[in-house]
Amino acid sequence: MMLTLQRFKEMIAAAGEAIRAGEKRFSELDAAAGGDGDHGTAIVTAFQAMAKAGGADFKGYLKALSEALQNEACGSTSTLYGSWLQGMSDTAPEGAAELDAAALAKVFNGGLEELGFVTRARVGDKTLMDALIPATEALLAAQSQGVAAMFERAAAAAEQGAEATCAMRARFGRAKNLGDRSIGPRDAGAASMACIFAAFAATVKASC
Amino acid sequence: MMLTLQRFKEMIAAAGEAIRAGEKRFSELDAAAGGDGDHGTAIVTAFQAMAKAGGADFKGYLKALSEALQNEACGSTSTLYGSWLQGMSDTAPEGAAELDAAALAKVFNGGLEELGFVTRARVGDKTLMDALIPATEALLAAQSQGVAAMFERAAAAAEQGAEATCAMRARFGRAKNLGDRSIGPRDAGAASMACIFAAFAATVKASC
Amino acid sequence: MAMKKFINDPANLTKELLEGLALCYKGKVKLVGEKIVVRATPKDEGKVAIVTLGGAGHEPALSGFVGEGMLDASVVGDIFAAPGAPKLLEALRMFKREAGIVLVTLNHAGDRMSASKALRDAQKEGIKVCEIVTHEDISAGIDIDPEEKRGLAGCIPLYKVIGAAAEAGKTLEEVVEIGERFNRQMATLAVAMTGCTHPQNGGTIAVLPDDEMEIGMGQHGEAGGGRSKILTADETASRMIAPLMQATGVKAGDTALLIINGVGATTLMEMLVVYRKAAQLLAEKGINVTPGACGEYLTVQEMAGFQMILCKLDADHQEYLKARARTPYWTA
Amino acid sequence: MAMKKFINDPANLTKELLEGLALCYKGKVKLVGEKIVVRATPKDEGKVAIVTLGGAGHEPALSGFVGEGMLDASVVGDIFAAPGAPKLLEALRMFKREAGIVLVTLNHAGDRMSASKALRDAQKEGIKVCEIVTHEDISAGIDIDPEEKRGLAGCIPLYKVIGAAAEAGKTLEEVVEIGERFNRQMATLAVAMTGCTHPQNGGTIAVLPDDEMEIGMGQHGEAGGGRSKILTADETASRMIAPLMQATGVKAGDTALLIINGVGATTLMEMLVVYRKAAQLLAEKGINVTPGACGEYLTVQEMAGFQMILCKLDADHQEYLKARARTPYWTA
Ligand SMILES: Nc1ncnc2c1ncn2[C@@H]1O[C@H](COP(=O)(O)OP(=O)(O)O)[C@@H](O)[C@H]1O
Ligand SMILES: Nc1ncnc2c1ncn2[C@@H]1O[C@H](COP(=O)(O)OP(=O)(O)O)[C@@H](O)[C@H]1O
Ligand SMILES: [Mg+2]
Ligand SMILES: [Mg+2]
Ligand SMILES: [Mg+2]
Ligand SMILES: [Mg+2]
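Residue numbers (our numbering), protein chains in the order written: chain H, 16 to 223; chain C, 16 to 223; chain R, 1232 to 1563; chain Y, 1232 to 1563.
Derived from the structure by calculation, the hints contain no laboratory data.
Please note that the accuracy of each hint is not assured.
Said to hold, decoys possible - Think about it this way: if two alpha-carbon atoms lie no more than 35 Å apart in a straight line, the pair counts; the simulated DSBU-like pairs of lysine-lysine are: (1) Y/Lys-1246 x Y/Lys-1278; (2) Y/Lys-1257 x R/Lys-1460; (3) R/Lys-1460 x Y/Lys-1246; (4) C/Lys-121 x C/Lys-67; (5) Y/Lys-1359 x H/Lys-78; (6) Y/Lys-1460 x Y/Lys-1327; (7) R/Lys-1553 x Y/Lys-1257; (8) C/Lys-24 x C/Lys-78; (9) R/Lys-1327 x C/Lys-78; (10) Y/Lys-1327 x Y/Lys-1278.
Said to hold, decoys possible - A few chain R positions that, by computed beta-carbon distances, are all more than 10 Å from chain Y: (11) Lys-1235; (12) Leu-1244; (13) Lys-1261; (14) Ser-1347; (15) Glu-1356; (16) Ile-1363; (17) Asp-1374; (18) Glu-1411; (19) Met-1502; (20) Thr-1530; (21) Ala-1546.
Model, not experiment: these values are computed from the prediction.
Yeah, the Cβ is synthetic: ideal placement off N, Cα and C, and Gly gets one too.
Given these sequences and hints, build the entire structure.
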């Protein structure tokens, strides 16, 4: 199975809806871990901005998503997601409106690499990277099993990574000065990232 | 019976103690009727300042009370009480360290008259005047019955006057803009004035 | 409502805050005794002096406006309490001069009583002093007896105007005329969202339900006009600017000054949003809105709310507002 | 904690508050697009431009310090959210000049990420721009990696100093040297008493028990250093000034600037009382305290608390602090 651009646009739309439904929870998680309590607002705004993007191929659409995000939305979230999408666009093949498993893996890998230049956070720092890094690794590892399996594994890994942040101490973002008191709740950014991968997987699965 | 200066100083001290005991209530009444919630603070401070005053005759002691009040304390309360005491001093006989019923009546009448120049408030305006005016009238009316009876009647009239303020709408002081919502609680200034007359009466009675 | 405040012994609060003011703004103001704030460098004796009086707890008012171009002295009482007449008389004696003194009194019972007593005594002593009483709060009505209207933060642009007139060498009569004309053309309306605590006794003043606001709240938290459910910033601005325009009589072609004075916990963010709407409504009516001000000038502890002040300006008022001023909390 | 704020549609909040700022202070600032605040009258092209970036919700910061003698532009994000890199790049293009641009970035993840991206792109386009990163918050420790220290309200005196140096015609390298030297010699510590609400989602940030305070609270309400029972103003001042003196290295004979920045609901009354004690403690150590400032410069909505900023001043810094400045919320 190939991932069509149309299907990918549906995935983004589904993720946006899932994010909107979780808005309050993401803000509360942000505040609970000692952050400034606005991650729900930030990630919803990000998806609102992305909803305006269009494109005839993966490269163009991903670039449009990244730009819409950075032009219209604000805050760390839009910069982080903007870089992620920029990295995906950069590695997407020219003119392609469908991606096979290998190309898809390359695209997600490129997103993570670009993001790695923007933030020093890695697994264990209680950020969205705790969901995104294992999700990307699982997606890459499942290449041979096809697109649907890739997203299914990625979603499971993201969820596991997000859950693991509960036990972590924040070292990045606005919660970092909280120290031990940041232990307990899930990281807000990891939670929303897991929510996005879950929506991706559900959309792909429904279309199989 | 004559009222000695010594006894009068004891009356002031007793009033000061009664006022201190009621401090919180006076502030709460002030706030409850829509005022700024500081009458307890103001009247306690006033008595603290007065505690420093001395004098060898009524005229001098009353003048010292008035000046201590206006020099050291602040707010409407100190100005109102300052004028009251000033008026008393002005009408007190030169050099007297004892007052008979007639002289005492004259002194309290003089206090009320001077106060009448400072404020336009009269009975019915929900201020300390609602306690002081009937108290002074009762004190004057009881002249023939002697000093102790004068204070007893004055205390009863002050209490009645203060109670009557519950049903009134504030027209003076900081509560005036509240309108109908000022109806209900006793006026703070009337309550403290009634408390003072009660302490006066109890002190005089104890010494009979 | 628990009180959470950085203070020491409440009995020393006013003294300590004034010492802090004098230390922080030492080039501009200094303390005489414990409760009189004066300019660090006095104004020329040949010019009219401007003196005011009032309680503390409303910082930066009133003492924060002492300095070149505004007040010569602020006589301070205690928290929310007018200074006694003797203290005010002491200040009037200090500024006794041929040119005379203007005493600005905000219409509150305590301030008025102290001012009348001190004025009577000062005049007996041959001190040349004229009083301007401010009473621009329209929450109790527009056409009622001025004696029934409180003085709110409108005193601050008044200090600016008469301070500049005095610096410009105007006579006592001229300064009073300029000030009274300004006084008649200004109006203030206040709105409160939450109560506050009294810093000396911890008591709560003016509690409001979680979903209500009150237009007409006084500057010590005294309740006033109408309560309503919380309105948006734009609705609040519209409801306030209409009676203010009526009270000042400002109309198309006129020039007006608009000030939003935060009373405590209301953020400048909100004040700017309210200013925007009110200024747009004035502009729509053809009124020329001069540069204004949004900030905390006369506060009521940590109460949430603000006062909206509208002043119709004559040509000379516009010039006096622009003239040089160097005080801790107002500069031009 | 119920949110009680005068706002309209939360999505328009930043846009509307900036419009309010531009209307109220029209002689001083204006808006370019929706989110870039610039001087009403631009600075001479031959001089170094000063640009900064940051989220809204901290009014008057940062845009309130745009104007003659301080910032040329403030690039605004949304409430508590950094502007995107493209917006910042747009501003840098606007101020492209031979003399160069200084970009001041407060050390917060979002601001730093946008700044790095925009700087990379600007330099590719041949825009001459140098960055100064502020990170003077010592709540996480004095000798830790500067990358781990947040930028708090210390940026404001920094804007004043480099703004004046730029007006005086200093070169880009000189302005950066003056600014970095000032940066190294300043330290900030924050204390919070109550939480606040996020104006866009109504959520509560940083709840504190009724009888506790927290030293080290960040400027978005992020928790920080140690919690304790509420201390008096004098005790609080003493506990804060000691580490600040250590961090700045200020000693007898030195000159220092002390600023108390209220973050929201804490009254100026309290700030002045705290200033008094801190200034007295500095004076007791033989330090010459220049005139300072107490007020709300960089706020955190209606949170109760303040930031204490101590700056050890070199001779040139003292002159630059005194130089002329005309911005909405800082004048000299
Ligand atoms: N430097 C960073 N690197 C990676 N993730 C980060 C970083 N800073 C913040 N985050 C993520 O962003 C989330 C917070 O997002 P949000 O509340 O939108 O941003 P802000 O911290 O600007 O308020 C955190 O929970 C974390 O997952
Ligand atoms: N103009 C006035 N005339 C008579 N009594 C007054 C007047 N103003 C206030 N009072 C009395 O003072 C009381 C309030 O006293 P206090 O709270 O100490 O003064 P303030 O109103 O200055 O806060 C009122 O309850 C009322 O009895
Ligand atoms: Mg956040
Ligand atoms: Mg009172
Ligand atoms: Mg405030
Ligand atoms: Mg405040």
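Results for each hint:
no., hint, result
1, Y/Lys-1246 x Y/Lys-1278, "holds, 29 Å"
2, Y/Lys-1257 x R/Lys-1460, "holds, 33 Å"
3, R/Lys-1460 x Y/Lys-1246, "holds, 25 Å"
4, C/Lys-121 x C/Lys-67, "holds, 25 Å"
5, Y/Lys-1359 x H/Lys-78, "holds, 27 Å"
6, Y/Lys-1460 x Y/Lys-1327, "violated, 51 Å"
7, R/Lys-1553 x Y/Lys-1257, "holds, 14 Å"
8, C/Lys-24 x C/Lys-78, "holds, 13 Å"
9, R/Lys-1327 x C/Lys-78, "holds, 27 Å"
10, Y/Lys-1327 x Y/Lys-1278, "holds, 11 Å"
11, Lys-1235, "violated, 4 Å"
12, Leu-1244, "violated, 7 Å"
13, Lys-1261, "holds, 12 Å"
14, Ser-1347, "holds, 28 Å"
15, Glu-1356, "holds, 34 Å"
16, Ile-1363, "holds, 25 Å"
17, Asp-1374, "holds, 28 Å"
18, Glu-1411, "holds, 27 Å"
19, Met-1502, "violated, 8 Å"
20, Thr-1530, "violated, 6 Å"
21, Ala-1546, "holds, 18 Å"
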